[in-house]
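Dock chain G against the given chain Y, drawing on the hints supplied.
Protein sequence lines, in the order shown, are assigned to chains Y and G.
Counting in our numbering, the first sequence runs without a single skipped number right up to 170 at its last residue.
Counting in our numbering, the second sequence runs without a single skipped number right up to 128 at its last residue.
It should be emphasised that the hints constitute simulated quantities derived from the structure, not laboratory data.
Check the hints yourself; a few may be wrong.
Mimicking DMTMM-like on lysine to aspartate or glutamate, the simulated pairs with C-alpha atoms at most 20 Å apart in a straight line are [to be verified]:
| # | chain 1 | residue 1 | chain 2 | residue 2 |
| --- | --- | --- | --- | --- |
| 1 | G | K86 | G | D125 |
| 2 | G | K86 | Y | D119 |
| 3 | Y | K41 | Y | D28 |
| 4 | G | K86 | G | E58 |
| 5 | Y | K41 | G | D125 |
| 6 | Y | K41 | G | E68 |
| 7 | G | K47 | G | D83 |
| 8 | Y | K60 | Y | D96 |
| 9 | Y | K60 | G | D63 |
| 10 | G | K47 | G | E68 |
| 11 | Y | K20 | G | D36 |
| 12 | Y | K20 | G | D125 |
| 13 | Y | K20 | G | E68 |
| 14 | G | K86 | Y | E124 |
| 15 | G | K47 | G | E5 |
| 16 | Y | K127 | G | D83 |
| 17 | G | K86 | G | E68 |
| 18 | G | K47 | G | E58 |
| 19 | Y | K20 | G | E21 |
| 20 | Y | K20 | Y | E74 |
| 21 | Y | K60 | Y | D28 |
| 22 | G | K86 | G | D36 |
| 23 | G | K86 | Y | E102 |
| 24 | Y | K60 | Y | E102 |
Facing chain Y, a subset of chain G residues (Cβ under 8 Å, in silico) [said to hold, decoys possible]:
| # | residue |
| --- | --- |
| 25 | E5 |
| 26 | D34 |
| 27 | S40 |
| 28 | F69 |
| 29 | K76 |
| 30 | A111 |
| 31 | L115 |
In silico negatives: residues of chain G with every beta carbon more than 12 Å from chain Y [stated by the list, open to error]:
| # | residue |
| --- | --- |
| 32 | P3 |
| 33 | L4 |
| 34 | L6 |
| 35 | E21 |
| 36 | A23 |
| 37 | V38 |
| 38 | G56 |
| 39 | A66 |
| 40 | E68 |
By construction, the Cβ of each residue, glycine as well, lies at the ideal position given by its N, Cα and C atoms.
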Amino acid sequence: MPTRSDPPGEEVMLCFPPRKSYVAPATDFVTCFCSEHTLDKATLSRVQLAAHELSENVVKYAADQVCSVRVRTERSAASDGPVSLSITTENAVLPDALRRVEAYLCALEAATNPDAFYDEQIAETAKRANGSGLGLARIRSEAAMDIRHHSNDGRLRITAFLVLPQAGEP
Amino acid sequence: MKPLELAAVDLDRFSLRPRLEGAQLWVVFTGTGDLDAVASLAGFLPKVQQQAALYGVEEVVFDFCALEFMNSSCFKAFVTFIDSAKTIGASYRIRFITAGRHYWQRRSLEALRRLAMGLVVIESDQES
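Chain Y extracted, bound-state conformation:
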């Protein structure tokens, strides 16, 4: 059983230049970190999907040479294992792109039915010339992870988080 001396959580953070070749290692690192926290395979698969989509996004849309991926688990005194998990990416974004992605993120976060929102994006994606517009919606729908974002001084931070089922819960 955890004690009062247990840390409230664990986290690791990777900072790297926006290169395609770093997407797979970043995804693998997040997945490996999470696999240390007794997640079942189905949940790990959801985390891997989110880590891959978020890592690709920071690499594709980074406007400077620094982007980051951070994964964090939090635990409570009442639980043997982690109670929540989050993946956060941060990168600089050009002003026009930032306006577009924030509008998209606000719509995504406000959507009460993530699957319906995802289906709408799928129906529209064939008409898009650039990008799929699916990655973040896919995280909310397929990975069933909530999304939050924050921007400051041209840097965009996106967090996907998951409340983990505890022992005895369905």
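Relative to the frame of chain Y, chain G by itself:
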């Protein structure tokens, strides 16, 4: 019968192997469909459509059993493929063979099935 005019794709971490098998056009996917695979896949799928029409196949089968992951940009290529098949009133079905160990496949492909009910069929390797 003429040979299939559809070349295999071989990248470092992604490959596509097409073959004609009776009235089915099969494409076996291997590896990871990531940013490096997007352009190849987006160029390959329209050719699948052409060949499917040319040979009058009843089914196009995408075998995902050895596909570890597919990103949203590759996913978009399938949305475009299915959307196009719907638009032209394609007479073939589109069947995806999934591997139970790749949990993401069921969830991802379910979204494609919702896009084209009746046209897209999802089958698990555990059912076949």
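Checked hints:
With a C-alpha separation of about 26 Å, the suggested pair G:K86 and G:D125 falls outside the 20 Å cut-off, and the hint is violated. Restraint check for G:K86 and Y:D119: the C-alpha separation of about 16 Å stays at or below 20 Å, so the hint holds. With a C-alpha separation of about 14 Å, the suggested pair Y:K41 and Y:D28 falls inside the 20 Å cut-off, and the hint holds. Of the supplied pair hints, the one linking G:K86 and G:E58 holds, its CA atoms being roughly 15 Å apart against a limit of 20 Å.
The straight-line distance between the Cα atoms of Y:K41 and G:D125 is roughly 18 Å, inside the 20 Å bound, and the hint therefore holds. A threshold of 20 Å between alpha carbons decides the hint, and for Y:K41 with G:E68 the separation of about 14 Å falls inside it, so the pair holds. Between G:K47 and G:D83 the alpha-carbon distance is near 15 Å, which keeps this suggested pair within the 20 Å criterion. The straight-line distance between the Cα atoms of Y:K60 and Y:D96 is roughly 15 Å, inside the 20 Å bound, and the hint therefore holds.
With a C-alpha separation of about 29 Å, the suggested pairing of Y:K60 with G:D63 is violated against the 20 Å cut-off. Taking the CA atoms of G:K47 and G:E68, the gap is about 23 Å. The hint is violated against a cut of 20 Å. In summary, the hint linking Y:K20 to G:D36 is supported, as the alpha carbons are separated by about 8 Å, within the 20 Å threshold. Restraint check: the Cα-Cα separation between Y:K20 and G:D125 comes to about 32 Å, which exceeds 20 Å; the hinted pair is violated.
For the hint linking Y:K20 to G:E68, the alpha-carbon distance of about 18 Å falls within 20 Å, and the restraint holds. Straight-line distance between C-alpha atoms of G:K86 and Y:E124 comes to about 15 Å, which keeps the hinted pair within the 20 Å bound. Restraint check for G:K47 and G:E5: the C-alpha separation of about 8 Å stays at or below 20 Å, so the hint holds. For the hint pairing Y:K127 with G:D83, the CA-to-CA distance comes to about 10 Å; that is within 20 Å, so the pair holds.
A hinted pair counts as satisfied when its Cα atoms are at most 20 Å apart, and G:K86 with G:E68 does not qualify at roughly 27 Å. Between G:K47 and G:E58 the alpha-carbon distance is near 16 Å, which keeps this suggested pair within the 20 Å criterion. Restraint check for Y:K20 and G:E21: the C-alpha separation of about 37 Å exceeds 20 Å, so the hint is violated. The straight-line distance between the Cα atoms of Y:K20 and Y:E74 is roughly 30 Å, outside the 20 Å bound, and the hint therefore fails.
The suggested pairing of Y:K60 with Y:D28 holds, with an alpha-carbon distance near 18 Å, which does not exceed 20 Å. For the suggested pair G:K86 and G:D36, the alpha carbons sit about 28 Å apart, so the restraint of at most 20 Å is broken. For the proposed pair G:K86 and Y:E102, the alpha carbon gap of about 33 Å is over 20 Å, so the pair is violated. For the hint linking Y:K60 to Y:E102, the alpha-carbon distance of about 16 Å falls within 20 Å, and the restraint holds.
The interface hint given for G:E5 is broken, as the beta carbon of that residue sits about 25 Å from the closest beta carbon of chain Y, more than 8 Å. Hint status for G:D34 relative to chain Y: holds, with the closest Cβ pair at about 7 Å, below 8 Å. The beta carbon of G:S40 is not positioned within 8 Å of any beta carbon in chain Y (closest approach about 14 Å), and the interface hint is therefore violated. A cut of 8 Å between beta carbons decides the hint on G:F69: the least distance to chain Y is about 6 Å, and the hint holds.
The interface hint given for G:K76 is met, as the beta carbon of that residue sits about 4 Å from the closest beta carbon of chain Y, less than 8 Å. Here the hint on G:A111 is kept, as its CB sits about 6 Å from the closest CB of chain Y, short of 8 Å. At about 6 Å, the closest approach between the beta carbon of G:L115 and any beta carbon in chain Y falls short of 8 Å, and the interface hint on this residue holds. Remark: the non-interface label on G:P3 is consistent with the geometry, its nearest Cβ contact in chain Y lying 30 Å away (cut-off 12 Å).
For G:L4, the shortest C-beta to C-beta distance to chain Y comes to about 26 Å, beyond the 12 Å cut-off, and the non-interface label holds. No Cβ of chain Y comes within 12 Å of the Cβ of G:L6; the nearest lies about 22 Å off, and the non-interface call holds. Its beta-carbon lying about 28 Å from the closest one in chain Y, G:E21 satisfies the requirement of being farther than 12 Å from that chain. For G:A23, the shortest C-beta to C-beta distance to chain Y comes to about 27 Å, beyond the 12 Å cut-off, and the non-interface label holds.
Interface exclusion of G:V38 from chain Y breaks down, the closest Cβ pair being 9 Å apart, not more than 12 Å. No beta-carbon of chain Y comes within 12 Å of the beta-carbon of G:G56; the shortest separation is about 25 Å. Look at G:A66: its CB is around 16 Å from the nearest CB on chain Y, clear of 12 Å, so calling it non-interface holds up. Distance check on G:E68: its Cβ comes as close as 10 Å (rounded) to a Cβ of chain Y, failing to clear the 12 Å threshold; non-interface status is violated.
In the structure shown, a violation is registered for the earlier hints numbered 1, 9, 10, 12, 17, 19, 20, 22, 23, 25, 27, 37, 40, in ascending order.
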